[in-house]
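Protein chains in written order, with my numbering: chain X, 1 to 276; chain D, 1001 to 1269.
Rather than coming from a laboratory, the hints here were simulated on the basis of the structure.
Hints should not be assumed to be uniformly reliable.
What the hints assert, rightly or not - Simulated crosslink set (BS3-like; lysine-lysine; CA at most 27 Å straight-line):
| # | chain 1 | residue 1 | chain 2 | residue 2 |
| --- | --- | --- | --- | --- |
| 1 | X | K119 | D | K1068 |
| 2 | D | K1068 | D | K1087 |
| 3 | X | K188 | D | K1068 |
| 4 | X | K179 | D | K1120 |
| 5 | X | K179 | D | K1087 |
| 6 | X | K179 | D | K1068 |
Listed below are the residues making up each chain.
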Amino acid sequence: MSKVELMAAAGASLQYREWLSHERRARLSVRGAQLALLLVFLVLWEVLPKAQIVNPLFTSYPSALWPTFLELLPDTPRQPGILTHTWFTVFATIIGFTAAMVLGIVIAAALWWWNGLYKVLDPYLVVANAMPKTAFVPIFYIWLGATLSIYGMSLAISLFIAILMIYSGFQGVDPNKIKLAQTFGATKAQVLTKVILPGSIPTLIAALKVNVGLSLVGVVVGEFQAANIGLGYLIQYGSQIFKLNIVMTAITILAIVSSVMYLAISWLEAAVMRRR
Amino acid sequence: MPIATVGGAISPKVELRGLHMRYFSLEGETEALRDINLSVAPGEFVAIIGQSGCGKSTLLSLISGILKPTAGAVLVDGKRVAGPTRKVGYMLQQDYLFEWRTILENAVLGAEIQGAEMGKARTRAKELLTKYGLGQFLHHLPRQLSGGMRQRVALARTLCTEPDVVLLDEPFSALDSQTRLALADEITEILRREGKTTILVTHDIAEAISMSERVIVLSRRPGQIKSDHSICFPSCAGRRPTTFQARNAPEFNGYFNTLWQELEVHVEG
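Just chain D, with the same shape it has in the complex (with noise of 0.2 Å):
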């Protein structure tokens, strides 16, 4: 991956400058997000927390292009996003398969979309469905096979287009508990592995500790970012410990019980 640097600091990959969204409808305006600011390093694995309804997945989208800002700007290797890019993956909170279409199909999508090359597409495709153990499900459909699988998928059809930035949108929530930790770590290691520069959202904040080297704290609505912290485990000897490590190491509780206070969870109604 290509880092360019600027007076010795590497430029980030991703960078939120005085980002604000506001929604409107007739009964009034919402405000999701206020002055986001945040830098993303390249091959940085960056989780962001808060509780539902404090604009996480709107700054997702603000970020892969589908929404435009109110006021403020999104850098992707210094350029301002305008609309979505090539550069952004951005893997949303269900696998969204087309029914209609087969494994293989779906998977190529993306590239089907932006026009690229469909041969070279299809070879990729089928490597990453192959490497993701659904080699022999190319030709099967959606409902065929089941949630992990089809999450699996829903990574091949992002990855298949090569971003080099891949957002996370909750991309476990609909899943059962086992799969969901053992899909999350299979796709920490694969993003680590292929060096993508990774935003995840969540409110889990065991699975932010686990999979992400630094975690986001947004405060209720409007959203804003409330604190930073870096997540390291000195005990895995300066070694990336996998999410199951990580949950295990002596360091985990620390963060979670920082986390949860910052996160001032109330049990509404």
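This is chain X alone, in the form it adopts within the complex (with noise of 0.2 Å):
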């Protein structure tokens, strides 16, 4: 038990109590500004175009995205319903940062072990993590084909990030640990093994945080070009038909989608952290 949970634990003092409810205070306080942010902006968004300050047609309102979500809910013969978008959308996402992420230890794993391969590919690399990935839409729609383009986009957009900074937090973990294992006879592949890698987990959940955010914007662009379905299609579709609400509503969901995954990482993040 470390000192603090003692302290709690034995009947704290006066002062102590004070500073602990005055922390909390500040917490909440938090907490609070950062509802009242969110709730001044949707009140805008929903004050502005009703009072006619900005033209409704361009921005749809908060209170008309629930009953668009109810019509978009259930499957048409011309469409299916909104969560089957949503869950395509999600999948493509979720294939996307574990190829990224897969190939990406991979890959830094093999620049780590030959340097001289690292050498000579790191300014190629660079260069391609440099590149605007969304230019190749078009590309990957004709080489690989609606659905394999958006998976191709969502890896291709952060696979380059991955390697780097995976590789790069391979390079951070402390060379005197790697000493301390070849002290003990360590092969290459031990070292590897039991001390790159999971000396380098904070960094791969570094990675996994951008990776998540970056294919599913991958995936949100491939689906403009490729698809018929999609959360990303369906703001496609929107806007060509002038109906606001269903892109505001599309937009919303991937926020909601984004939030979620966010939480998840951090939540795992957390578990990871806590044996450290």
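Two chains, two frames, a set of hints: combine them into the complex.
This is the structure we're talking about:
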């Protein structure tokens, strides 16, 4: 048990309890401010179009989202329901970041193993990472077809940053820990599995955090071009028939999806860090 | 411990023959060590002192086999060292415990890497950790331990693989001064009791005198053996004093002054 827990258990001093409640109030006021900010945004979004200060045709309003959502919920002969759209986007995103993480770890490990390979590939990786991958959306569509081009874009947009982040995490492992393993006669494979990989867990989680968001971007952009299903498609479709209600509902679902994924990773991070 | 004798003399546990070491970089080459010849008898506790950058740590890395000498050879039990061997345990300047492993998992790291039988290794690690007062922390994480406790875990990790020779590379340099004195005493005691051959590298003259029975002075770079002093305390009636007794023994100051002059300490800049 830590000192703090011991104190709390043993009946804390008055000053300590005061300090604790002060801390709690500070935390609550931050939460309150965050909530207020969201409310202000929603109220402005509702009121400004209603008062005709901005054209409601361009923005829709929050109160229109729920009816639109209900309207889009059931399957129709022309369209699947909105939850099916959401699922396709989420599924493609999961494929995208999982592939990016697996390939990222494998490629970063290869670069770590063969330093010469890293030296040769370094400039190409940096350029590939800096390239605007969305420029390839039409080409991917031609090369890979409708479904695969979406996965491909999701992977392309997140892979290079994954490789670079994970590799630099590998490089950041304390060389003295490697030296320590070597004093016991560790082989290169043992250094990789017992020192480098477990020592890079925080980096892997940071890379995952970045990748989830990027993969979602890749999927939505891919869907703009290639799909007849998915939230990206729904946004494209809604804007073409000038139904901003549909666009805004799809975008709101995207916001919820990315928040949920972010929360899931934060939870994973907390679970892993408790072990350290 | 088996002591082989050749022609009546005890054959050395560790022998360095004409050891040279140069480091290469694009800027040029650096001669770190020049013609080091040294024999360490089984069970002997030798300290090597020298100023920072004189190649002390390089010397230990060569003995442990993780570095290869430019010329010359390291022999352990008369056999040439070509890479890390199980006979040699190496304690680095800091504990470098893996923060993702528990204390017990850290202590068995060496055994695990060497492919030893893990059940036995775990039993031994538990024994060692308990002996060092860490019995109740087996399943704690390193960050929950103080610096002195962490360094004791590092000692358990080193001794868990049962090496005959233990190399200590300024193992107390990261600790505060009280912990440092207490741990130096404890570790010296443990290594003596277990009959380990020990080579300690330090820049702390007092530490070298109080812990070892022989002090070797290395010159500035390129490191060469400048002198070799046998440390004995007749005032302690032939018994090896503890590090605290040694520091208070009448002979201590004499050794200290001699070694201080040999080291030619100059304040740089």
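Hints, one by one, checked against the model:
no.	hint	result
1	X:K119 <-> D:K1068	25 Å, holds
2	D:K1068 <-> D:K1087	17 Å, holds
3	X:K188 <-> D:K1068	17 Å, holds
4	X:K179 <-> D:K1120	25 Å, holds
5	X:K179 <-> D:K1087	17 Å, holds
6	X:K179 <-> D:K1068	14 Å, holds
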